[in-house]
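A.B. asks: Start from chain S and add chain Z according to the hints.
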Amino acid sequence: TQLLEQSPQFLSIQEGENLTVYCNSSSVFSSLQWYRQEPGEGPVLLVTVVTGGEVKKLKRLTFQFGDARKDSSLHITAAQPGDTGLYLCAGAVANAGKSTFGDGTTLTVKP
Amino acid sequence: DSGVTQTPKHLITATGQRVTLRCSPRSGDLSVYWYQQSLDQGLQFLIQYYNGEERAKGNILERFSAQQFPDLHSELNLSSLELGDSALYFCASSVGTSGGGTGELFFGEGSRLTVL
Chain S
1 TQLLEQSPQF LSIQEGENLT VYCNSSSVFS SLQWYRQEPG EGPVLLVTVV
51 TGGEVKKLKR LTFQFGDARK DSSLHITAAQ PGDTGLYLCA GAVANAGKST
101 FGDGTTLTVK P
Chain Z
112 DSGVTQTPKH LITATGQRVT LRCSPRSGDL SVYWYQQSLD QGLQFLIQYY
162 NGEERAKGNI LERFSAQQFP DLHSELNLSS LELGDSALYF CASSVGTSGG
212 GTGELFFGEG SRLTVL
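Line by line, the protein sequences are chains S and Z.
FYI, this note's numbering numbers position 110 of the first sequence as 110, with every residue one higher than the one before it.
FYI, this note's numbering numbers position 78 of the second sequence as 189, with every residue one higher than the one before it.
Possibly wrong hints are sitting among the right ones.
A few chain S residues that don't get close to chain Z, going by computed Cβ distances all over 12 Å [to be verified]:
| id | residue |
| --- | --- |
| 1 | T62 |
| 2 | Q64 |
| 3 | G66 |
| 4 | D71 |
| 5 | A78 |
| 6 | P111 |
Partial list, derived from the structure: chain S residues whose beta carbon lies under 7 Å from chain Z [what the hints assert, rightly or not]:
| id | residue |
| --- | --- |
| 7 | S31 |
| 8 | G42 |
| 9 | A92 |
| 10 | K98 |
| 11 | F101 |
Rather than coming from a laboratory, the hints here were simulated on the basis of the structure.
None of these values were measured; they are calculated from a predicted model.
The C-beta atom is built at its ideal place from N, Cα and C for all residues, glycine as well.
Bound conformation, chain S alone:
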């Protein structure tokens, strides 16, 4: 069974602060996705990382895939209240038929 552990589970910060959330597993994934989910809505895909060591940037968000493709991190610079939400990582194995989701990090950014 492939498990993804996300940390921290909850994070509450002030606007303008930086933060990093982590997604760790003992399994190797073909790709890893990060999603953001707001209350009452479905998860929205933010990014996919495929290559070990890959770094992708999306405005103030920086995503990194571990060299061994077992872990990933999401760094947010100068967080804003609009970044508030549940951040989920999901790992996929080619042709396995499903993605495994972590339990998520709930981020609250206070103005």
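C.D. replies: Chain Z alone, transformed into the frame defined by chain S:
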């Protein structure tokens, strides 16, 4: 807008009843996935269909069943409902059996089921 449509958005029913949740995938996507999200368990994979055939099964209860029709829409049937079945049920779609090799899923807005 992800392009994935789920109905109904909200559903309130009683224990022992049966409900059907409906999902229309994004145009062109052949795979449909069903996930259950409850407060204490995160997103739990239930089942996946690809072009009408079941491709993967997760922790789906025997009281639950699903199918994908020729027009690629899918239905999740939940029967003999229990209080613990109250949750958000999400449908997601992707191009291929595992997101076209990248695992990218596009989610609907979910159906919130409340069992009283």
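A.B. asks: Does each hint fit the structure? Answer for all of them.
C.D. replies: Hint check results:
Consistency note on T62(S): stated as away from chain Z, and its beta-carbon is indeed over 12 Å from all of that chain's, at 19 Å minimum. Every C-beta of chain Z lies more than 12 Å from that of Q64(S), the closest at about 17 Å, which supports listing it as non-interface. With a cut of 12 Å on Cβ distances, G66(S) stays outside the contact zone with chain Z, its closest approach being about 16 Å. Once the 12 Å rule is applied to beta carbons, D71(S) is consistent with being away from chain Z; the minimum gap is 16 Å.
Consistency note on A78(S): stated as away from chain Z, and its beta-carbon is indeed over 12 Å from all of that chain's, at 27 Å minimum. Against chain Z, the non-interface label of P111(S) holds: every CB pair exceeds 12 Å, the least being about 26 Å. The beta carbon of S31(S) is positioned within 7 Å of a beta carbon in chain Z (closest approach about 5 Å), and the interface hint is therefore held. Restraint check, G42(S) versus chain Z: the minimum CB separation of about 3 Å is within 7 Å; hint holds.
Annotation: A92(S) was flagged as interfacial toward chain Z, and the flag holds, the nearest CB pair being 2 Å apart, inside 7 Å. Taking 7 Å as the C-beta cut-off, the interface hint given for K98(S) holds, the closest approach to chain Z being about 5 Å. The beta carbon of F101(S) is positioned within 7 Å of a beta carbon in chain Z (closest approach about 4 Å), and the interface hint is therefore held.
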